Structure formats: structure tokens, C-alpha cells
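Participant: All chains, please: the whole structure from these sequences, using the hints.
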Amino acid sequence: MAEERLPSRAENFSEWYNQLVLRAELADYAPVRGCMIVRPYGWALWENLQAALDKRFKATGHVNAAFPMLIPKSFLEREKEHVEGFSPQLAVVTIGGGEVLEEPLVVRPTSETIIGHMYAKWIKSYRDLPVLINLWNSVLRWEIRTKLFLRTSEFFWQEGHTAHATEEEAVHETLQMLNIYSDVLENEAAVPVVRGRKSESEKFAGAKDSYSVEGMMGDTRALQAATSHNLGQNFARAFEIRYLDRDNQQQYCWTTSWGFSTRVIGAIIMVHGDDQGLILPPRLAPHQIVLVPIHRTDSERSAVTEAVARIGRQLSDFRVRLDDRDGLTPGFKFNDAELRGVPLRIEIGPKDVAQGTATLARRDRPGREGKSTVPLEGLEAKVAQTLEDIQRSLFDRALAFQKAHTHEPRTYDEFKEVVQNGWALAWWCGESDCEATVKDETKATTRNIPLDQPGGAGVCVHCGRPARERALWARAY
RNA sequence: CGGGGUGUAGCGCAGCUGGAAGCGCACCGCGUUUGGGACGCGGGGGUCGGCGGUUCAAGUCCGCCCACCCCGACCA
Numbered sequence: 002m003a004e005e006r007l008p009s010r011a012e013n014f015s016e017w018y019n020q021l022v023l024r025a026e027l028a029d030y031a032p033v034r035g036c037m038i039v040r041p042y043g044w045a046l047w048e049n050l051q052a053a054l055d056k057r058f059k060a061t062g063h064v065n066a067a068f069p070m071l072i073p074k075s076f077l078e079r080e081k082e083h084v085e086g087f088s089p090q091l092a093v094v095t096i097g098g099g100e101v102l103e104e105p106l107v108v109r110p111t112s113e114t115i116i117g118h119m120y121a122k123w124i125k126s127y128r129d130l131p132v133l134i135n136l137w138n139s140v141l142r143w144e145i146r147t148k149l150f151l152r153t154s155e156f157f158w159q160e161g162h163t164a165h166a167t168e169e170e171a172v173h174e175t176l177q178m179l180n181i182y183s184d185v186l187e188n189e190a191a192v193p194v195v196r197g198r199k200s201e202s203e204k205f206a207g208a209k210d211s212y213s214v215e216g217m218m219g220d221t222r223a224l225q226a227a228t229s230h231n232l233g234q235n236f237a238r239a240f241e242i243r244y245l246d247r248d249n250q251q252q253y254c255w256t257t258s259w260g261f262s263t264r265v266i267g268a269i270i271m272v273h274g275d276d277q278g279l280i281l282p283p284r285l286a287p288h289q290i291v292l293v294p295i296h297r298t299d300s301e302r303s304a305v306t307e308a309v310a311r312i313g314r315q316l317s318d319f320r321v322r323l324d325d326r327d328g329l330t331p332g333f334k335f336n337d338a339e340l341r342g343v344p345l346r347i348e349i350g351p352k353d354v355a356q357g358t359a360t361l362a363r364r365d366r367p368g369r370e371g372k373s374t375v376p377l378e379g380l381e382a383k384v385a386q387t388l389e390d391i392q393r394s395l396f397d398r399a400l401a402f403q404k405a406h407t408h409e410p411r412t413y414d415e416f417k418e419v420v421q422n423g424w425a426l427a428w429w430c431g432e433s434d435c436e437a438t439v440k441d442e443t444k445a446t447t448r449n450i451p452l453d454q455p456g457g458a459g460v461c462v463h464c465g466r467p468a469r470e471r472a473l474w475a476r477a478y
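Residue numbers (our numbering): 2 to 478.
I should point out that these hints are in silico values taken from the structure, not numbers from a laboratory.
The model shown is predicted, which means the values in this text are computed figures rather than measured ones.
Beta carbons: idealized from backbone N, C-alpha and C, even for Gly.
Worth double-checking, as some hints may not be accurate.
Said to hold, decoys possible - Here are the computed lysine-lysine pairs in the DSS-like style, where the Cα-Cα straight-line distance is at most 25 angstroms: (1) LYS352 with LYS334; (2) LYS148 with LYS440; (3) LYS122 with LYS209; (4) LYS209 with LYS81.
Stated by the list, open to error - Beta-carbon label-pair distances, calculated as ranges: (5) ARG311 with GLU144: 45 to 53 angstroms; (6) LYS383 with GLY62: 33 to 41 angstroms; (7) ASP129 with LYS404: 43 to 51 angstroms.
Facilitator: This is how it looks when you write it as C-alpha cells:
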């Protein structure tokens, strides 16, 4: 490494993030502008997120399938708002096999349209419903300003697409998936989120209602961690997704879509990381534990190696990495494991071997404070408990940070002040022009209108018009 | 697209008024090391972003082009 230390979070959060992603070997820049390469360590983290989501998708009746990457351009034009939203971001294939194509093909920016086309073919009867399909894939959107994981031209995600007989079912599905996202983020990634409905200007192009889960990053900016859309009958009408009901009447379906992307890796980095590097939540960490053997002489080496092998067997229920690389000092390995965010480090040296102990070092508590020497007997239980404790403390710490930086301004002056370094929960009239003015003046936008509302009514924090709901305002990624 | 900046070894950079391409890190070999980022010795690696011009001579001066980064309007 050219430089040993990262820039500090306080002095340059953005640069801290960029360097950390590269140096922890999560991802790298691709030769194509705006694209990223997810490296094995980053992909392992994504696989653990995938597993956590996929398990929940299956448990709620969803199945996986694969759809093509290329979509006839005309499909995108079928739904008016959808085409307006996505046109500027499309990559289009016009030549195949050396011939100019009859119809240009877009590289999918999202699959609602081709899903709509196929669902129209597959769905004929109320007996065919609901259709609950999820896709694990990547999509391409020609982004102007990119940042690894947070906004790249191609990104990896899952997109769920469902069709239902009734609006109630579709609404239920939309919120069910939002809750699954919130569950995974809070209980697996230890990232607290606020669930809510998107404003008219922030919602998905073509949706009736969009919902999101928003997380607060370490610099207090908001990140939309996942979204779930109630598409109403917009796509059903555009693609003629119809079924015959019990009374032999043609009905349009009600559809939904929902997505969760590798962007969440960015959230995990920005929510938990510190000046030493990543701090990964134990439930998702590719390596939950790193074992560092320490020895000088050959006799120490054989004794330590034996002890380490025994400990490895003892901890076979955990994801353990043995760092037995030659020629690197323990100090280097400690720093390396910290950079990579391994939640728990176990050091085994001659002193430990002599005493029948191991030295544990918690990643969430740097320095002496996080270190303890424990007996090898009962180590599994101690480790399990420590990992659970780290998981919980990461969530608690993130939640405390979010709460400490979430304000309830009563005046627009207060609003302008707090939104520079935090979130604002404030009454909002719901009008797009008002929202746009606030954005111009403060760079803050409505992230969502939280599902949890205090009730009652107030006046809009900006324009003073009557307001029935409070919005969550923040500067966002 | 507007404003600012940078292109010299894998990475970070130096190279002054033109005169034999360098430094640190990384990498390879050998040896000594190892409880918080080890050290010594030896080594490999370059169409100086591209094209053209000026000159006896261009990394350096001039022109054009290209690429990338940062800041502003779109987005999971």
C-alpha cells in the first residue's frame, strides 16, 4: 500500500470511503467508465446478503427466474412515465452480428416492461394469480456521476415482480417486501432504517406509490437502501396483463416491483466503518473471525500451530480465516484484519499456549478496551456470545447516531440549520413545488413520508400551508 | 453540458531556464526478524496519454486531439 493510513472520516468522508473500498478489496474500477468490478471479498458480502434476502423471499412464496438482458426499445415506450424516467439513462444496442438491427435493443435498466410482456402471455385466469417472481441480475443505467457501490452504471441487485388479482393484495405485497428489506437491513446488516412512502417527485417512474427504507450514513446524509413499488394497474394496462375473474369478466392485474442492490454494501461501509477501516456486522461478514498465530522460534511455531489448529476445529461453526501468511508481522496482520472489518480477531502466541488461553480483540472496540484473554475451554460459547454482542452493539450505535442527528424543526430557519448536518422530520404540505424550492435552497429533499406518523395535523415547515403528514427531509446520496 | 484539475514504472509522485528517465511504496531473490503497520543486501519493471510541429537535441517549448478525476443539474 502506498499510504498506510486512510484519510480520517472527519476530515474527508468521501475520500475515506473511496480508498476504503479499494484497499479492503471490496471492489475496483472497471476499464469501462462508471462500471465496477466486485472483488471476491465484496462479492462474499453480497452473497451473504443475497442468502438473507432469498430465504425470506422463498418463505413468502416467491420463486426465482432469469429474464434477458436485452429488451426491445419499443417496450420501454409503452408506459409514459416509465419512458420519461428512464430514456436519458438507456444504453442501446443497434448492431448485432455486423448488421444494423431492425429494432434497437436496450440493455435493461430494470425489467418491468419485459416482465409485463411475458405476464400478459402467461396470465389468463384468476387461477394463475398471484405470480411472484424474483430476478437476481444486473442492470445498466448511464449514470453521470458514479461512485463505487453507491451509484455505478451497471449494478447488481434483485428485482421482484408480482401480479395480483386485487389492489389490496398488491398493496399488501408492496409493504410485505418493504418490511423484509427493513428486517434484513436492521437484523442482518445492523443498519437502522426509516420506512416510508416516496413523494410524487421521488417515486419510481411509472409507479402508483413507491416506498423506501432510508438509512443515515456516517456523515448524516441519507441513503435509500431499498425500494418497493405498488405499480397499480399502470403496467397492466400498458402491457395488457389481464385475467378472467370468477364471473367471467376481464380484469386488469395489479402489479408490484421491488429492488435491493449492492448499494447496501456502501451503506454498511458508511454506517459502521471507522478510521481504521471497515467494521462488518458478524451475520454478514465473509470472515467472522481471523486467527493470528504469533511465534518467534521454531519450537514456538510448532506449539502455536498446533494450538491454532485445535482452535480452528473448535470454531468450525463460524466463518474463520487463518492468517498464517509468512513474512508479515502480527502488527501488520492486525491492521489488515481491521481494514477488512473482521468482527473478531483471535491472537494465539506462546503466552497463550502456556496458559491455555487465547486473546480476543473486538473490532467494534479498538485498542486495549476491546481486548480480553479467555480460556480455550468454552471458547465456542464465548465467541458466539461476543459476535452476537458485536452485532447488537453495531445496531445500537447506529440507531443512537441516527436519533441524535434527527431533528424536529418548527420553523424554516431551524429546518435550514438542522438539515445541514442531520435529518429533519417536519410537517409538509405534500406539494411538489414546495419540495423543489426547499431542495434549491437547502439541497435537502424528502426522503420519504414515514409510515410511523404522530397523527394530528400541522402546517408545512416551508410554506405554512396545512399539512397532514410529516416528511423525512435530508441531503441524500 | 458549464467551472476547476491531472496525465512520467502496478500505486503515489519529482523531474527548474531543453542536454544519458528518477524517488517512495508495491513486486521478485537471499538472509535476519515476528504480542500493534520489521530490516539489510541484491534485482526486475517505462512506446514520459496520442498525433503533429520547433530544434543538432523534447518528459520539458508550441498546436491539435484523447482520457480520467473533482464541483454543479438526473438516479437504486
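Participant: A separate judgement is required for each hint: does it hold in the structure or not?
Facilitator: How the hints compare with the structure:
For the proposed pair LYS352 and LYS334, the alpha carbon gap of about 19 angstroms is at most 25 angstroms, so the pair holds. For the hint pairing LYS148 with LYS440, the CA-to-CA distance comes to about 22 angstroms; that is within 25 angstroms, so the pair holds. The hinted pair formed by LYS122 and LYS209 meets the criterion: a straight-line CA distance of about 23 angstroms does not exceed 25 angstroms. For the suggested pair LYS209 and LYS81, the alpha carbons sit about 13 angstroms apart, so the restraint of at most 25 angstroms is met.
As the Cβ distance of ARG311 to GLU144 is approximately 51 angstroms, the hint placing it in 45 to 53 angstroms holds. Taking 33 to 41 angstroms as the suggested C-beta distance range, the pair LYS383 and GLY62 conforms, at roughly 39 angstroms. At about 46 angstroms, the beta-carbon gap between ASP129 and LYS404 stays in the expected band of 43 to 51 angstroms.
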